[in-house]
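Peer 1: So the protein lines, in turn, are chains A and B.
For my numbering, add 100 to where a residue sits in the first sequence, where the first one is 1.
Position 38, counted from 1, in the second sequence is what my numbering calls 22; the numbers after and before it change by one each time, with no gaps.
Any given hint could be a false lead.
[Unchecked claim] Facing chain B, a subset of chain A residues (Cβ under 7 Å, in silico): (1) 130; (2) 184; (3) 225; (4) 229; (5) 396; (6) 429; (7) 441; (8) 443.
[Unchecked claim] Partial selection, computed: residues in chain A whose CB lies under 7 Å from chain B: (9) 129; (10) 249; (11) 329; (12) 332; (13) 335; (14) 401; (15) 405; (16) 424; (17) 428; (18) 440.
Treat the hints as calculated values from the structure; they're not laboratory data.
Values in this document were obtained by computation on a predicted structure and should not be read as measured data.
The beta-carbon is built from N, C-alpha and C at its ideal position, and this holds for glycine as well.
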Amino acid sequence: MPRRSAPAPVGSLEELLATREIVVSCGSGGVGKTTTAAAAAAMAATHLGGKVLVLTVDPARRLANALGLEAFGNVETQVPARAFTEAGREPRGELWAAMLDTKQSWDDLVRAHAPDEATRDAILSNPLYQNITGRFVQSHDYIAMERLYELHASGRYDLIVVDTPPTRNAIDFLEAPERMAEFFSSRLLRWLTVPARSRVLTMASKPFYTVADRILGSKFLEDIAEFFLLFQTMYDGFVERAKAVTRLLEDSRTTFVVVSTLESAPLAEAEFFIDALKERRLHLGAVVLNKVLPDLFLADGAAAAAQRLTKAPEEVAAALPAELGDPAQVARVLREVGESYLNFQVVATREAATRREIAAAPEVVAAVPYFTGDITDLGGLLELGERIWR
Amino acid sequence: MTDLLDRRLLFVTGKGGVGKTTIAAGLALLAAQQGKRTLVAEIDAKGNLADFYETGPTAFRPREVAPNLFAMSMDTEESLKEYLSLQLRLPLVAKIGPLARTFDFVANAAPGVKEILTVGKLCWEVKERAYDLVVVDAVATGHITGQLAAPTAIKELVQVGLVREQTGWMLDILGDPDQTGVVIVAAPEEMPVNETLELVDRLADETVVDLAAVVANRVLPELFGRGEEEVFERLLELPDDVLDEAAGGPARPILEGAQMAVSLRRTRSAHLARLRDELPPGTPILYVPYLFQRSHGARATAQVAAHLGEELGF
C-alpha cells in the first residue's frame, strides 16, 4: 500500500491516532466499544509513544484487570511496564487508564463552580441532588465529556482515547453539553426559581401551578425550586464550560471512531450516528467492525463440500482412512461439521454484503474477526489492536 | 414453567445488544398464540418493536398487530394526558399542550416523574384487566431499577399530592410475584452475564419486583457428543488432498470453521455455567438458540416464540 504518496485522507488508525489528540469511541451497547478504545490506546502507547490515556466508563472486569485497574475511580493509573514485558512488547510511551465515576465527577464539578462554601454544601446535601445527578437523563453523557475536557486541558496527555457511556441513543452524549447549557439558560428554569410568592402572583403561571401542586404536592415543587435556585448560582461557570466542551468536540484535533458489529440493530445505530456526525461537521475518523466472521466461511467451493458432508456423510467417511474410528461415528462428526459450516456461512454471506455497503464510506474501515476467547491481558488487547492498526 | 405467562406484567430487560426486543416480541407473540389477550409495550422512544412484527409504527394507543396481540409505544406526555383526564377529571385536556411541555421539562429534571408516568400506565393496564398479560420491552439493565423503583422513590420524595396517593396501588401490583416479574435476557458472554447477575442483586435491594426468569439468548449448538471430539481431532491431522478428495471440495475451511464454532461454544459455555451457578437457586433459565438464518424481523420473532414455547413446556 503506497500510503506515503497519498497525504489525505488518513489511511490507517495509526495515522489517525498520530495526528489527533482526542479519540472518542462510540456505538451502541455490547459492540466492543470499550475494548476497542483500550486496544487503540495500547497500540498508540506501544508504537507512537508519548503519554496515552484511555478513559473508560464501565469496563468488563477482565478488561479492567488487563489494564491493571483495580479500583473504580477518577484517579488515573499507569499500566505497569511489566504488563507490556509480559506481552513481549517494548512500549515507546506510557499507557494510563482511568474509569469514570459519575457521582464523584459531579461533586468535583459542583466544588469547582459553586460561588461559596455554603452554596456548595447546600447543593451537595440537597435531597434531589443525588437523584438528579444519578438519574438526569443526560447526566452521565455530560459528565463523560466534561471529564474529557478537563483531562485534555490539564496538558498531561498526548492522546486521550475515551469510551462513551451506554446510552439509549448514541448521539445523546454529543448533544449533552448543548442541552446542559440550554437547561441552565432556559426561561423555565429562571421562572421556576423566582421566589415562590411573586410567582403565584403571575397569572400566566397559575394554571401550571394549580395542576402541578395537585399532582406533585407543593412541598416537592419547593424542593425542586430550591435545588434549581442553588444550581443557578453556578450558571455562568456551567454554561461557559458546556460551550467549551462542545468546542473541544468540534476541534480538528478530535476524531470519532464508530464501533459496531454487523448485526442489524447496532449497525442501524452506527449508521444513524455516522449521519449525526456529518450533520454536526464532526470528524469521523474510522469505523471499526467487531466480531466479524472470518473469510474461511466464504471459501470457494467449501459450501458445496459442506453440503456433501451433510447429505452423504457415510460416503465421505468411507472414502477416508479407516484408522479415524468407527465409520458411523466419523459420519456423525462429518455431518455436524458440515452443518455448522453451512450455518455460519449464511451469516458470513450476510455480513459480507453489509461490509461492502459500509466500505463505500471513505473513512478507515477495520474489520476485527471473532475472538473465540476473552481478552484477559494486555497481550490480548494488543493482538486485537494489530488487527485495526494499519 | 408454563406459569411464567400466568403473570400479568412482565418487564423484559437486558444489556444492550443481547436481543432484548427480540425476546420481548417473541414472548408476547407466544402468549397471544396461547390464547392470552396480550399487550406488548415498547418503552424506548427510538425503539423498533414494529419491525419485529413487520407492522407499521406503533403509537401510544394500542393496535392489534396479530390475533390477540396488541402493541403500543410509551409516550410519557400522552400518559400524563391520560392520567390527568382519567384520574383528576381535569377539563384541561384540550389546552394541555404547553402545560405538558412545561411538565415534560420538570419531569426530565425531577427524578422519578417520567418513570412513574411510564410504570403507572403499565400498572394501570394491569389494574383495568383489559389484557391478560402485559409484556414490556423495558429499558436496558443499567436503567431498569431506576424505573421500577420510581414509585418507591416518589413515595419518599413527595410528601403529599395525588402522585403520592397513586403510588400505593402501583406498588401492590409491582410487588406481587403472582402478578409482576422481571425477565432478564443475557447472551452467553462476559459482560451480559455480569450485568445480569448485578441486576439480580439490585432488583432485590432497590425494588419490590420479583425476578421471574432469565433467558439465555443466542446459545450456540454443541457440535460433538461423547468420543466425537477425538474423531474430529484425528480428522484435522489428515492431509488436505485426502480430505478434499473425500469431501469433493476444499475441506480445510470447513474443519477450521468447526474449530472456531467449538471454541466459541466452549467460552460461552463457561459464561453460561457461571450464570447458572450464581443465579438464585430455582431461577428458571430459558435457552434460545442462536438463529443463523434470520436475526431479526417477523421470521426471527416467530422462531423465538416457538423456542420459548418449547422451553416453557407448551
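Peer 1: Quick check: which numbered hints come out false for this structure?
Peer 2: 2, 3, 4, 10, 11, 12, 13, 17
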